[in-house]
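> Residue numbers (our numbering), protein chains in the order written: chain Z, 1 to 199; chain F, 200 to 478; chain A, 479 to 1047; chain W, 1048 to 1148.
What the hints contain is simulated information worked out from the structure, not anything from laboratory work. Here a beta-carbon is modelled for each residue, glycine too, at the ideal position from N, C-alpha and C. Treat the hints with caution; some may be incorrect.
Claimed, not checked - Residues from chain A shown here face chain W by an in silico Cβ test under 8 Å; the list is partial: (1) F515; (2) V665; (3) L693; (4) A796; (5) M808; (6) S953.
Claimed, not checked - Only pairs whose alpha carbons sit at most 30 Å apart, straight line, appear in this in silico DSSO-like list of lysine-lysine: (7) F/K248 x A/K911; (8) A/K1039 x F/K253; (9) A/K918 x F/K253.
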Amino acid sequence: MQIPYITEERPDTGLTNSKLGIWVFLASEIMLFGGLFSAYVFLRIAAPEGDFAYWGSKLNIPMATINTLVLISSSMTMIMSWASLKMKDFEKYKMYMGLTLLFASIFLVIKYFEYTGKFHHGIYPSSSTFMGIYFTLTGLHMLHIIGGMIVMGYFWLPFGNKMWTTEPERFTNRIEIAGLYWHFVDLVWIFLFPILYLL
Amino acid sequence: MIDILHNLGLPVNMSIQGARIDDVNAIIHWLMLILFVGWGTFFIVTLVKFRASKNAKASYTGVKSHLSSLLEAAVAVIEVVILFGFAFPIWANRVTDVPASNESIHLRVVAQQFAWNIHYPGPDGKFGQTRVDLVDEQENPIGLDRASDNASDDFITINQLHVPVNNKIRIDLTSKDVIHSFALPELRVKQDAIPGMSIPLHFTATMTSEEFLKTTVGTSREGKGLEIACAQLCGLGHYRMKGFMTVHDDEGYQAWLVEQAEYLEEESGDDDDWGDDDW
Amino acid sequence: MSNDSHHEENFLQKYIFSVDHKIIGIQYGITSLMFLFFGFCLMMVMRWQLAYPETPVPYIGGLLGETGILMPEIYNMLGAMHGTIMIFLGVVPLAVGAFGNYIVPLQIGAPDMAFPKLNAASYWSYFIGGVIMLASFFLPEGAARSGWTSYPPLSIFETGQTAWLIGMVFLITSSLLGSMNIIVTIVQLRAPGLTWFRLPFFVWGQFVTAFLLVLAFPPLEAAAVLQLMDRVAQTSFFLPSGLVYSGAAVDVYGSGSPLLWQHLFWFLAHPEVYVLILPAMGIVGDVIANNTRKPLWGYKSIVYGSVFLGFMSFIVWAHHMFLTGMGQAMSSFFQTTTMIISIPSVIILTSFFISLWGASIRFTTPMLFALAFLPMFGIGGLTGLPLGVGASDIHLHDTYYVIGHFHYVVAPGTIFALFAGIYYWFPKMTGRKMSEALGKLHFWPSLIFMNGIFLPMFIQGLAGVSRRLYDGGQSYAHAQDVLQWNEFMSISAFCLAAAQIPFFINIFVSMFNGEKVGRNPWQSTTIEWSAPSPPLPHRNFENQVEVYRGPYEYSVPGADKDFSPQTEK
Amino acid sequence: MSDHDNGHIQEHIRVYLTVFGALAVLTLLTVGVSYLNVSSTEAIFLALTIATIKASLVAGYFMHLITEKQTIVWLLILTFFFFLVCMFLPMIYDFDHTRLS
Ligand code: HEA
Ligand code: HEA
Ligand code: CUA
Ligand SMILES: [Cu+2]
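Model the full assembly from the supplied sequences, consistent with the hints where possible.
As structure tokens, then:
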């Protein structure tokens, strides 16, 4: 007996195992960031009036805006790479996946400059509660980006995508799953951006 | 009704609030006991009656009636009664009927590892300011700013809580370092002391310490008075974070206040290092 | 995955780094039993100190310092680690990791878990977390010493907490991977014909449990990360302004809140206690149906009850925090939800009881443990009620009453159910039955001594004796009347330890010399019994199983035998 | 979705590009709005509304949620409910504690 429903969908649920698996994982991720967001609100209420806004104004909005756009673009190229596989166009897949990785790296580089900029001004997580939660949230988000890059990098490199020739269906599914994760990371940023930088 | 619990270890109650808390406690324990005995009897009867050696063939359907749903509903109803009849009102009394300063004896308690600092407002009934930078573990544990308004007559005792009987007592509870829990088992008072928060609690004692001591005659705790216990793990000295409590009659309390005021006088007399010569 | 069972696996692949759910289940089982044993040993050292304060601990005193006397800081370490180890390294891995892993795929007729590699990753993450927790005893800082609840600010000032937090992150990751796997396995890999209401109750218990773990654990992970930041990066998420610690103002930004931790912690930890009980109820349900030779009474209401229990468990957490200064609205809300959550437990328990009526009860060892579970959980659950009512909790909060309450549900409750599970499924794992005589020798003393330990706790609790006291209450006046119980409880605990010896012997003896049995020694109906014992590596069943009926078709009128397996037409 | 033909996919791609455009515009919009001089409640409301719209676009189209199977939708509804419960927690702190000061 083999484990069923790896590539084909189970008739009554209409799902493959990995599709359901990633969604359950994302559900737990929602709760992880849920816990942190609720901590953010909690701390904001507990802090003296205006404290969060004051420290928030020290962040660099233009850089973050660019980063938001970069991340959205990477989400778009990610879905295009999957669509290319659907159209059996492997070369295009390579290109779009490469672009996704590129955007992800740009995001990290910009974040690096943001962080070091803060450090140069003597601002560390311990500088204030806001800065603490800022570094924690963005740091954790960054870890998610790095995790995603490792997985996508693996599927981009030759030894990771040789499955395309043997089991194209399954490979396409894997990219879809990786994509779901990547969009989720994007989605988290969509909330992080206003609550940290704009409010 | 409470006797059964008293016999099981519930200490003598000596506060107005405590009586009602004991009532709920007794009612719930009765409910529990009845359920447990009921179910337990059923359990044992079935075990004996339906053992394989006696009843070789099991019945596929088993019990047909749905009496049990009734029973479950009954449990739910009793719980509703307990909640609305007792639990909510008692809680309301606890958190919304906190007496104002002028209609009660108002104290502050500042917990720390591993002691209870009790801050009395003095004759003016008003507390002075406290400041973190003034804290000095030896001489000024709560950082009272003697220069601030109303502070000059304040006095602080360590681990000694004195209150009058039959008076509303209000305590504003906070902590300097970690979370402690201020417990007076005989008065059914318990409240976490959380740093950064000041939480009010209130009670009215119905017995003086002396009267209480009489109730302990003949038991293992004979001769041991009332104590403040710490109920929340607060470090390695948690187990010995004990304070003492004395409930006076009114004259006794006044006398004690006068005595404290005299100490204060003496201490502020030599201002270079006050208190030094007393100990 | 490449599960063609033809290619030869070497020893390491087969027994250590296996991806077969059965091997992983057994790895989980052995590791968690060892942790349970270790947690038990820690507790015995504590109980020695409680009974005979400040006398040198016999035999192992030398490990505790020159005098052999347990010091308060070590007592606190042992307490915190006893709680942590028992819950996160003992019971959850045994109930979910071992039984969930081993039995669930078999009971739904699947060849393996849905993601075998994740499954192995889950075990190894658990293993690393466990090693970190254990290693923390040997670090210069020592182990965590602020209770398993790790309330800040204490946990931020005390040493030893960092290792605890890092260990927790690994354990949480492990649980998340494991429970994702269980959810997908149950949804996707059910054999043809196995509809939702044909699932054995054990599978339902695991299913609900997995949801609790997936959705409740992440907020604690978030909280652990925040606490880690407080400890290593000097942030002050949990530290308010104006703290003075050992004589000096604490040099942090401040403006945080200790209550934030409590909320996030109990947001996990309340669902967590149902994680401890639901798999146990599942085992009890299966064992009872099997040994009463009749279907579980009210199967559907049990299932709905447990789903409802799982759902409600997310909205009762603040009943652990009544005394943190909660106002009227919130305390009413949480008292009400707490009372509501007791109803499904009553329904489940009542159904179990009623299932006994009209039965033909076989008193096998697993059945004895399952039967004992009922009144023991009953006591534990019922004593939860006065804790759930704010007014009575004022007196009982943080006393030994609480300790008594939850030990009744976890020790003679969950632990007994897990023992039942071990005796019940041992033949499936090894092809041999455990000795009944030794089993009974294990059961009766365990039952007696468990009560000997935990019943007096209610008495001490009613007297107002606080928990986590190094000297067991010696120094407090109000404890004087009930102090004599300490020695009684400790002696019971040591006897309980002795009562585990037959169990220990039984496992080893039966593994090699037990009575050889066929596939279905208990004449059971559920699917796992149609597989060979032990089931085939990597595929479990010879052929794809098909399911024709509900889980507990015992004594069906007109059938030729008193059980009709799910896999038989 | 394995039976999509190329035409379908082409159509999807157009949708993806449109969504991408919308996301970019909304990002700029939310930054722009943050410079408006409104009260903090309004600012929070605006920022969160825009973020929610963006998030729904990503979830709905990039993650195909709008055509996703029942099981997953229910899973997410459940999760979202508990997420809200989690968000309910700061509120407890804010308005229902018998704390002074
Ligand atoms: C498996 C674990 C488990 C389970 C199932 C429960 C179940 C319940 N718990 Fe418990 N609880 C804990 C583990 C558990 N608890 C732990 C570990 C702590 C302490 C944590 C700490 O502070 O360290 C705790 C603490 C705790 C508190 C906080 C106390 C305090 O700190 O002040 C409260 C308060 O409401 C509470 C309530 C309840 C309630 C109402 C239930 C209900 O769900 C119970 C419902 C069950 C019943 C009502 C029984 C029904 C059965 C019958 C009626 C049949 C009777 C049978 C016979 C007679 C044969 N629990
Ligand atoms: C699942 C959880 C669990 C379990 C099972 C237990 C089991 C036991 N616990 Fe514990 N306990 C806690 C969870 C648990 N505990 C928690 C959370 C706390 C609070 C900590 C804190 O304050 O922070 C606590 C605290 C606690 C205290 C209070 C300490 C204090 O407040 O100062 C005491 C005191 O007596 C105690 C005693 C016991 C005893 C006698 C048992 C006995 O029932 C033990 C019985 C154990 C077994 C029967 C296991 C036997 C298994 C084997 C022998 C395996 C055999 C091995 C092989 C075959 C390989 N526990
Ligand atoms: Cu202070 Cu315990
Ligand atoms: Cu709880």
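> Next, verify each hint and record whether it holds.
Now for the hints, and whether the structure bears them out:
{"no.": "1", "hint": "F515", "result": "35 Å, violated"}
{"no.": "2", "hint": "V665", "result": "7 Å, holds"}
{"no.": "3", "hint": "L693", "result": "5 Å, holds"}
{"no.": "4", "hint": "A796", "result": "7 Å, holds"}
{"no.": "5", "hint": "M808", "result": "4 Å, holds"}
{"no.": "6", "hint": "S953", "result": "31 Å, violated"}
{"no.": "7", "hint": "F/K248 x A/K911", "result": "28 Å, holds"}
{"no.": "8", "hint": "A/K1039 x F/K253", "result": "19 Å, holds"}
{"no.": "9", "hint": "A/K918 x F/K253", "result": "21 Å, holds"}
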